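*Asks:* Required output: the full structure, derived from the provided sequences and hints.
Protein chains in written order, with the working numbering: chain A, 1223 to 1335; chain B, 3 to 231.
Honestly, the hints are just simulated from the structure, not real lab data.
Accuracy of the hints is not assured; some may be wrong.
[To be verified] In the DSSO-like style, the derived pairs of lysine-lysine whose C-alpha atoms are separated by at most 30 Å in a straight line are: (1) Lys91(B) with Lys1232(A); (2) Lys1305(A) with Lys18(B); (3) Lys1232(A) with Lys1329(A); (4) Lys91(B) with Lys1247(A); (5) Lys1316(A) with Lys18(B).
Computed from a predicted structure; not experimentally measured.
Listed here are the chains, written in short residue letters.
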Amino acid sequence: MIYIIDDDYKMAECIARYLRPEETKIFTNAIEAIENIDDDAPKLIFLDVLLDGPDAFTFLNEIGSYENTAKIPIVIITSLNLKTRNLRAYGIKKILSKETLTPEDVKLCLKLI
Amino acid sequence: MTSEVDGVLVAAHELKGPLALLRQLAFSLEYADSERERREIGREMIDISERAMKQINDLTRLRSIESGLFEIEPVAIRAVCNDVTSELKDLFRANHKNLESDYHNRLRLVAGNRDLLHSVVYNFCLNALHYSSQETASSLSVRDKNGRVRLEVRDYGPSLPADVWRAMRQGYLEQPTSIAMRPGSSGLGLYIASKFSKAMHAPVGAIRHRDGTSFYVELPAPRQENLFS
Chain A
1223 MIYIIDDDYK MAECIARYLR PEETKIFTNA IEAIENIDDD APKLIFLDVL LDGPDAFTFL
1283 NEIGSYENTA KIPIVIITSL NLKTRNLRAY GIKKILSKET LTPEDVKLCL KLI
Chain B
3 MTSEVDGVLV AAHELKGPLA LLRQLAFSLE YADSERERRE IGREMIDISE RAMKQINDLT
63 RLRSIESGLF EIEPVAIRAV CNDVTSELKD LFRANHKNLE SDYHNRLRLV AGNRDLLHSV
123 VYNFCLNALH YSSQETASSL SVRDKNGRVR LEVRDYGPSL PADVWRAMRQ GYLEQPTSIA
183 MRPGSSGLGL YIASKFSKAM HAPVGAIRHR DGTSFYVELP APRQENLFS
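*Replies:* Structure (structure tokens):
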């Protein structure tokens, strides 16, 4: 299963379409994702930064503190200007810009699994 | 000068969202499973473009209210609310959310400008759409209050930050917040609603709830009200 966490449901749906939709789960906030993660741990997470409620960094701190979720590869999808090298400590493998990302960029992330 | 530049940056940031989404929807057309899905994506693209155009129109209209180029006249507030809820019905449904209306006002007319009032209600409702959790119903209510008519939109999402709530206690927002007011928003829609309301001599305000926020505007009744009711 692949998680897509984005408060913009329509944007999350687009990402899901590029992958196999039946293998993705969309969450519009971090709390719902955390509530599900133990029952159905994802192989990869696409994560928006500015979310309603707890933001991406709160989510990353939470999953990073448990052994069963700490190693899940994370791809940040954002409009903010962030650098991967500054965020490696959070387990972030890649940052995709919402302004420039293509379906191919999203599909390439499957290699992180 | 600085606040004008801030305003341009906020507007640019706010318009980047729909453009980025339109781009992804255009890519998505190739990935649609059926003709029906392709048509739905096309419909979404049109809706998103229309909302962005509306926001651009509101921004340009901000200039005209500074010049006082609009009329204050008796406006049937329920009709404006019905227009907005009807326009946004499909959008709420597409996002698995709901908007309920609840009218208790005996004063059927308010003194305002129909177009500006439409934008105020529209921006309040869009804000509720953005911040409500899925499967919750936002509510739009209209009722009389001390000789005025109070229109209130309640959402069930994160509560408004205390500093923005305090800033609104004067009855309007001085400027859009330069950093996200609540996640994912610069508060531009609320700022536009606040400016338009101020032009109609109608203070806006916010109520913080543990499970969301209500935004309201209090509109004056027209002097001729008793002739119409």
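*Asks:* Determine for every hint whether it applies to the structure shown.
*Replies:* To see whether the hints hold, each was checked on the structure:
1. Lys91(B) with Lys1232(A): Holds. Lys91(B) to Lys1232(A) sits at ~16 Å (cutoff 30 Å).
2. Lys1305(A) with Lys18(B): holds (20 Å)
3. Lys1232(A) with Lys1329(A): holds (18 Å)
4. Lys91(B) with Lys1247(A): holds (25 Å)
5. Lys1316(A) with Lys18(B): It holds: about 22 Å lies between the C-alpha atoms, which stays within 30 Å.
In this structure, every one of the numbered hints holds.
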